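One line per chain: the protein sequences are A and B, in this order. According to my numbering, the first sequence is numbered sequentially starting from 1. According to my numbering, the second sequence is numbered sequentially starting from 1.
Quick caveat, the hints were computed from the structure, so don't treat them as lab data. Here the structure is a predicted model, which is why all the values come from computation and not from measurement. Treat the hints loosely; a few may be bogus.
What the hints assert, rightly or not - Restricting the straight-line Cα-Cα distance to at most 30 Å, the calculated cross-link-like pairs of lysine-lysine (DSSO-like) are: (1) 7/B with 26/B; (2) 265/A with 286/A; (3) 115/B with 26/B; (4) 265/A with 115/B; (5) 7/B with 115/B; (6) 286/A with 26/B.
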Amino acid sequence: MVELRVRPSHYNSDGSTDIVLRELVAHLRENRSHLRQEWARRITETKWLTVMTPDEVFAEATAVYDNYLEALETGSIEALETYARSLSERIIPRGVETQEVVGIVLLLRDVLARSLFSKYRADFTELNRVLDAYEPAANRIANTVAVGFVQERERIIRQQQEAIRELSTPVLPVRGRLLILPMIGIIDPQRARQLTEQLLRGIRVNRARVVVIDITGVPAMDASVANHLVQTVEASRLLGATVIVTGLSAEIAQTLVNIGVDLGKMNTVGDLQGGIEEAERLLGYKVLPILEPSGNGG
Amino acid sequence: MPVPILKQRDYLIASIQAALNDEDLKRLREALVAQVGEFRSRGVIVDITALDVMDSFAARTLRDLAHMTRLRGAETVIVGIQPEVAFAMVQLGLTLEGVAAALDLEEGLSYLDRKTRQGVRGVSR
């Protein structure tokens, strides 16, 4: 549980902040429907949340309002944190922006502050006392919601990056003991490394004896990546798998020879089809066409 | 710690269970090279599944072991190299050249079966 109440140093800590806060929450609860409507109106006015229908905005606004009051009252932002996370999960896929979420929470803060102004405007000392209690709490809440939203966004981005990285180098079993690794796009050292790790793990899991690495989709290759490829071939051999590299483009072939990469250990075949045929030969498979049923009467 | 050497049909199987020091490795090599002749073995399997590091001395000893047993008429296959170990080895240039490797004991046995069925020329692959 996180302690929410922050007492300014000039404020004596005899518990009167609690009393002020309770009074304040009572006031906000009394004017719940009015303030909520005012808030929703200002959200619409600012043209925020256009991806959501007014009904949805109002429903979420109600939930946020109640959570907001609860956080103010109990000093615990746990419930609000949970709500902020689930809200973010719901609205991020619909394209709600960070500025909208932060703006909306700040709007609520302002709407509530104004209502406090109008209530206590007669007594300046009392207003100060109320604001002393309200401001730190409100800022803390705004912070919580904004941080929750941004964290959720970052989590989604990380997840997607992971997915893209995984997708970019799939290790595919084709037949028993035979794996294909189609490499597509520019290979940088980091990707090359990850690819090797995935391949070695794949060899282990699938008990592969032959691997076909197809680099038809790789436009260019520099010396470090080429050496990495050679290392991958050697590491695979240490796990008992033979590697066949296919689809070297004319450019890559020339680069590799020019930079003097030792290709003696590499088993290369022109295209993926040839590579798979060679792999099948190594594994002792033979692919035969199915006989035409009409050709054989009985 | 001595490594137990098991005789199984025409093969000798040495299963390394813990990290070995240089002395242990040399003793293992000597024992295997001697026993290959004693039992007239056709193949040797060294299982290093339990090793999570491989230094240059160990790699060289294994390579020498393979070459020595080959001279004595037995093919050696190293099995159970962990993926991380394999990659670390090639980065250090310890590629066990000229030494057969297989995924695990089962694969090693089937490799040796294939090799020995091919007869004497089998060593040239």
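Tested hints:
no., hint, verdict
1, 7/B with 26/B, "holds, 20 Å"
2, 265/A with 286/A, "holds, 26 Å"
3, 115/B with 26/B, "holds, 26 Å"
4, 265/A with 115/B, "holds, 21 Å"
5, 7/B with 115/B, "holds, 18 Å"
6, 286/A with 26/B, "violated, 45 Å"
In the structure shown, a violation is registered for the earlier hint numbered 6 alone.
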